[in-house]
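**Student:** Below, each chain spelled out in residue letters.
Number of protein chains: 4
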Amino acid sequence: MRNSFGNVFTITTFGESHGKGLGVVIDGCPAGVAIDEGFIGKELQRRKPGQSKITTQRKEEDAFEILSGVFEGKSTGTPIAIVIYNTDQKSKDYSHIADKFRPSHADFTYHEKFGVRDYRGGGRSSARETAARVAAGAIAKLLLGQYGVSIHAYVSQAGHVQLEKPYQDLDFSQTETNIVRCPDADAAEQMIALIDETRKNRDTIGGVVSCVAQGVPTGLGEPVFDRLHAALGHAMLSINAVKGFEYGSGFEGVRMKGSEHNDAFYRDGDTIKTRTNHSGGIQGGISNGEDIYFRVAFKPVATIMQDQESVDTQGDSAIVSGKGRHDPCVVPRAVPIVEAMCALVLADYLLLNRSSKI
Amino acid sequence: MRNSFGNVFTITTFGESHGKGLGVVIDGCPAGVAIDEGFIGKELQRRKPGQSKITTQRKEEDAFEILSGVFEGKSTGTPIAIVIYNTDQKSKDYSHIADKFRPSHADFTYHEKFGVRDYRGGGRSSARETAARVAAGAIAKLLLGQYGVSIHAYVSQAGHVQLEKPYQDLDFSQTETNIVRCPDADAAEQMIALIDETRKNRDTIGGVVSCVAQGVPTGLGEPVFDRLHAALGHAMLSINAVKGFEYGSGFEGVRMKGSEHNDAFYRDGDTIKTRTNHSGGIQGGISNGEDIYFRVAFKPVATIMQDQESVDTQGDSAIVSGKGRHDPCVVPRAVPIVEAMCALVLADYLLLNRSSKI
Amino acid sequence: MRNSFGNVFTITTFGESHGKGLGVVIDGCPAGVAIDEGFIGKELQRRKPGQSKITTQRKEEDAFEILSGVFEGKSTGTPIAIVIYNTDQKSKDYSHIADKFRPSHADFTYHEKFGVRDYRGGGRSSARETAARVAAGAIAKLLLGQYGVSIHAYVSQAGHVQLEKPYQDLDFSQTETNIVRCPDADAAEQMIALIDETRKNRDTIGGVVSCVAQGVPTGLGEPVFDRLHAALGHAMLSINAVKGFEYGSGFEGVRMKGSEHNDAFYRDGDTIKTRTNHSGGIQGGISNGEDIYFRVAFKPVATIMQDQESVDTQGDSAIVSGKGRHDPCVVPRAVPIVEAMCALVLADYLLLNRSSKI
Amino acid sequence: MRNSFGNVFTITTFGESHGKGLGVVIDGCPAGVAIDEGFIGKELQRRKPGQSKITTQRKEEDAFEILSGVFEGKSTGTPIAIVIYNTDQKSKDYSHIADKFRPSHADFTYHEKFGVRDYRGGGRSSARETAARVAAGAIAKLLLGQYGVSIHAYVSQAGHVQLEKPYQDLDFSQTETNIVRCPDADAAEQMIALIDETRKNRDTIGGVVSCVAQGVPTGLGEPVFDRLHAALGHAMLSINAVKGFEYGSGFEGVRMKGSEHNDAFYRDGDTIKTRTNHSGGIQGGISNGEDIYFRVAFKPVATIMQDQESVDTQGDSAIVSGKGRHDPCVVPRAVPIVEAMCALVLADYLLLNRSSKI
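Residue numbers (my numbering), protein chains in the order written: chain A, 11 to 368; chain B, 11 to 368; chain C, 11 to 368; chain D, 11 to 368.
Isolated chain A (complex conformation):
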């Protein structure tokens, strides 16, 4: 619990933004998965800061080291520990907020809960913790790849700029061709312009990441509490700054009638398919073989380059000033994190499903 996630394929993450390092222990990865370290590195590159003008300018190399669980290029069935050492931490940057609570950050709540907190860079509440998830997610992707499962996340909204096209009309190979990670060039351009303008105004803005999982076999998902979409929702809501999750028809589906919303079954060769997919690939909490798709809402980043009203740890009024190097919009770098968490859930449920039948 707490810093662990998963049932059979489990991860436990550790580490603070400005401590010695952070990392993850993956327990329950089956033996025999080919571990491509280059792929892990590439996934981390997609998340790392300093990628472009619309992300934070912090430079962190996010070099990783596998300490255990891999032998001669393959997983051994024992825990895979991966450490990412911190290098570019400027702890001094944070002395100005050591005794103040930044609005809409975790400062106040950590203080209330634990009595102490590592204030440097947000400590454990820093989004830097997600680097560990991305590394673990890369392992999960390597496992899933052997079963033909692929995962595609992309930015579908930044502020008010929304990509209206359904995912079926997108070319996922275009996602990585622009800095905002939106597979539609026109929308990408507008998003980038908006984020850049927001950054210049020393402000921040929210966004939405959409995600599609294809090739997922039928049968993944557990009644009752661990429905596949409940696990996906839990996973997504555990990412920093996430405020909402919907899958399939989502909040819009509320307005539909049952006769419109129901997905009719039909036979296509040896496969049973559905004519529409308002179910988002999940029925009764279990995958039905159709594409799984969902949307994740991210709030505007809380750190802004402006003075804000707040209180200090004594409860006295204080002004929090914006300092440091932060993202004007979190979604471009959130794309690989959403994919990683999706991969972790699917890998876990793939294994869990192995005990469904005698």
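Hints were generated in silico from the structure; no laboratory data involved.
Keep in mind that a hint or two might mislead.
Any copy will do: because identical chains look the same in the list, a pair fits if it lies in one copy or spans two.
In silico DMTMM-like cross-links for lysine to aspartate or glutamate, where the CA-CA straight-line distance does not exceed 25 angstroms [unchecked claim]:
no., residue 1, residue 2
1, Lys175, Glu262
2, Lys63, Glu270
3, Lys30, Glu82
4, Lys30, Glu71
5, Lys367, Asp109
6, Lys283, Glu270
7, Lys30, Glu70
8, Lys333, Glu207
9, Lys267, Glu207
10, Lys210, Glu70
Given chain A's structure and the hints, the job is docking chains B, C and D onto it.
**Tutor:** Below, chains B, C and D alone, put in the same frame as chain A:
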């Protein structure tokens, strides 16, 4: 996992719609909670079928029996088992779908996952399972009541009829005064009219349940994967027919700027409060003492009184005809279920938080 | 945790000795196991009180009811709930100890832990709780039977009367032919005489149950904390009155040299076997295909028909007098409980092992 | 599960004998525990190889690094990750057993379970993994120390040399004064002589570690499956080479009568005590405030400096020759491991007990 929920205050539910009964085992309820059986009964009454013209006309009494864990009116710290025996099951009603897959139901996916399924009334995938959750949630509410926590859910949308007022402008004492469970009389009337019309058209419609938790102490929620809102989202997404979850500013917050969205801290007597509450009472995954609020999207009920295209268990084309007694809209009866799941999460996290500090 | 056991094949038990009933929820049993209710009944008969002159004379029928999870004679993959209703509870029998702490019982510790306790018949600490485990164990045995695994427990010691023969020299078909459940007729006779004499002296005595599991496939057991024998030990030590557990060479093996203790491998047709089996079928925590065997020590029953020094709930001196109907020696009725817990562990680990390799 | 242990205060270990390093993530340590790094180092020194003539001559420094969870000398409530880098691994030492199964090692069973194995130094099955537990146990001891709990393990048997004195007659301050870690000088001398002689004969021998926990508050332990002694047994049986566990009167108690075995309660000032302590400080699975004591049996080390019959990975006959630097008897170095696992269980149950009452 699977049919269990919670970390310290845990529940395990069991039972099918048309078996002998269903129930729940609550493990981890502290000793000393006064168990008011009348209250449990009232909560079950709010969920039970046959309440009004806009719910299913099935009659189920949902009488419950506590088998263990309560002695002389108080919880003893040992598991509390509650059984609700099935009485009004008409298994014959379901012979027509024994070998067909109802569209957007769990028939096909259960068949794929388990090879067998109890087709009577949806078996384990029936929403009847939530009766067990409501009983358990009543125990959680009794526990939370001793700490001053109260939970108020209500219908805020049915189809396109949406209650625009923020929760602060509502009088929760009015929720139970109408059959749709919307605390605003005007909106309630429109919702009831829409649902009734939909029912007459042999169709169904979706809706949204909103929920507010008040009096929640600071410090509830665990970094990183078990953020309070991630647990709430998991809980809500585990309810039948739920397609989306958002808390605080939710999907709308995406369009805001950080400077608008951030909740400024200020001191009010001995308490630190926030001037706005876009955070929905949760910052960094931990409660900050403000009201917690969230919204839950329910799809239109899949069972409609119309003929639908489908396939049978052999994969051949088949027509599924609507029969039986079903809800035209699930949200009025979902209100106590949302409250129950919210109570279960808060009770669990209240106990979990006891080990945060030395 | 707490009242649950297992990782994938899990059980949660509930119920007190003198409440309305007790039972178990089995979550994670794969779909497709043929559920033989007659077999469950027979297993419960082996545990129930009143079997013979050397067990308690209480009459409890231990009739059980399956509430869920079985459809048309097979498990469906959903939770199997089994309830055993209490019938012969004479709560009056216990009023004399309502405010006294019986020596070496759980009265004092429950009082300290929970503040309240159901004093009737020991409440939750009563060995009656193990009826639920025997019912669940029967399901696990049915699952294991499909994989060729069989489990044989027997009484190998009562007081100072010890069965010296190794298990290889015993005929397990003889275990149920005598009331003490020792497969050796001579030893059985001596044990019965000793227990009967002890009973007449209004005293009690301890004993040892040995257990052998045959046909267990290789590969069951998880490094590091969940070694197969650690799970077996946990399971056995969770049975009332158990004071010790050893497997393979056990405490005696301490005196051996490595050169004597090591089990040499050799090839027998297509199978790799060991010439000796001091390892007890488990190496590095994982089954190696040889017979698994272990021994479980039970203390003398704490309830004796004599006056004993104690204190009451106020801390004042008090005399506890022996009353009621109790076992002079627990081991004959413990045999099916040991088998049940062994079956639960093996079923769980069989499923867990399905995710070891890709 | 698997490589994790504990419910609230949990640890997850990782790492192989000859990989880059091994370590542990401690999740659930409350905030505010003073973390004395010097103490952790001392505990690791007690376990490390090369201490004396009766332990392995391998030199491993076991230097550790805390990567997270500690800020300004105190635990922060976030995961504490500790890494111990491997330095003295001579992987070449193991090429001779890369394709052979060492008798009574985990080689064969890992091969069966996972299909692959890291054969260098036993990989994950190496006792080197316990270094991570000792580091975590040191943190648990620091937590327990704040509640007045102390833990004392010592060697009570090596081969046939047995320390007959009850623990009450021993001076625990003497345990560390000799290389075998037996607090009785005479017995220690005999044990050392026996182990040294065994080593010269290129053989190994087993032993027993006894452990006493003092100052444990009442109320720790959970009915039913997680009785305190069941958790202790699980913990001890998860240590390499352990074959048995008994607490209180243990296997010897079997021969006693109830009238002898029962521990009479009496009042001593404000405290309720027992006149004897055959219960080993645990009644009904819950601590009663008396000393907790138990014994742990270790088999003779499987690696001997002799030729042994075996098979190779092809199933063909093979001779395994003794090479490398190994312990002739494991118990002297097992003392801190037993203490560490005991501390981990007690810390976990101390926190778990915080939710017993309202």
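**Student:** Does each hint hold? Answer for all of them.
**Tutor:** Tested hints:
In this homomeric assembly, Lys175 and Glu262 come within 25 angstroms of each other (Cα to Cα) both inside a single copy, at 15 angstroms, and across copies, at 19 angstroms. In this homomeric assembly, Lys63 and Glu270 come within 25 angstroms of each other (Cα to Cα) only across copies, at 23 angstroms, whereas the closest approach inside a single copy is 44 angstroms. Within a single copy, Lys30 and Glu82 get their C-alpha atoms only as close as 28 angstroms, which misses the 25 angstroms cut-off; across copies the closest is 13 angstroms, which meets it. Taking the closest pair of Cα atoms, Lys30 and Glu71 come within 25 angstroms of each other both inside a single copy (14 angstroms) and across two copies (21 angstroms).
Proximity of Lys367 to Asp109 under the C-alpha cut-off of 25 angstroms is restricted to the inter-copy arrangement: shortest distance 20 angstroms between copies versus 56 angstroms within a copy. Taking CA atoms no more than 25 angstroms apart as the test, Lys283 paired with Glu270 passes inside one copy only; the shortest distance there is 17 angstroms, against 45 angstroms between copies. Taking the closest pair of Cα atoms, Lys30 and Glu70 come within 25 angstroms of each other both inside a single copy (13 angstroms) and across two copies (23 angstroms). Taking the shortest alpha-carbon separations for Lys333 and Glu207, only the intra-copy value of 18 angstroms comes in at or below 25 angstroms, while the best inter-copy value is 57 angstroms.
Taking CA atoms no more than 25 angstroms apart as the test, Lys267 paired with Glu207 passes between copies only; the shortest distance there is 12 angstroms, against 41 angstroms inside one copy. Taking the closest pair of Cα atoms, Lys210 and Glu70 come within 25 angstroms of each other only inside a single copy of the chain (23 angstroms); across copies the shortest separation is 55 angstroms, beyond that limit.
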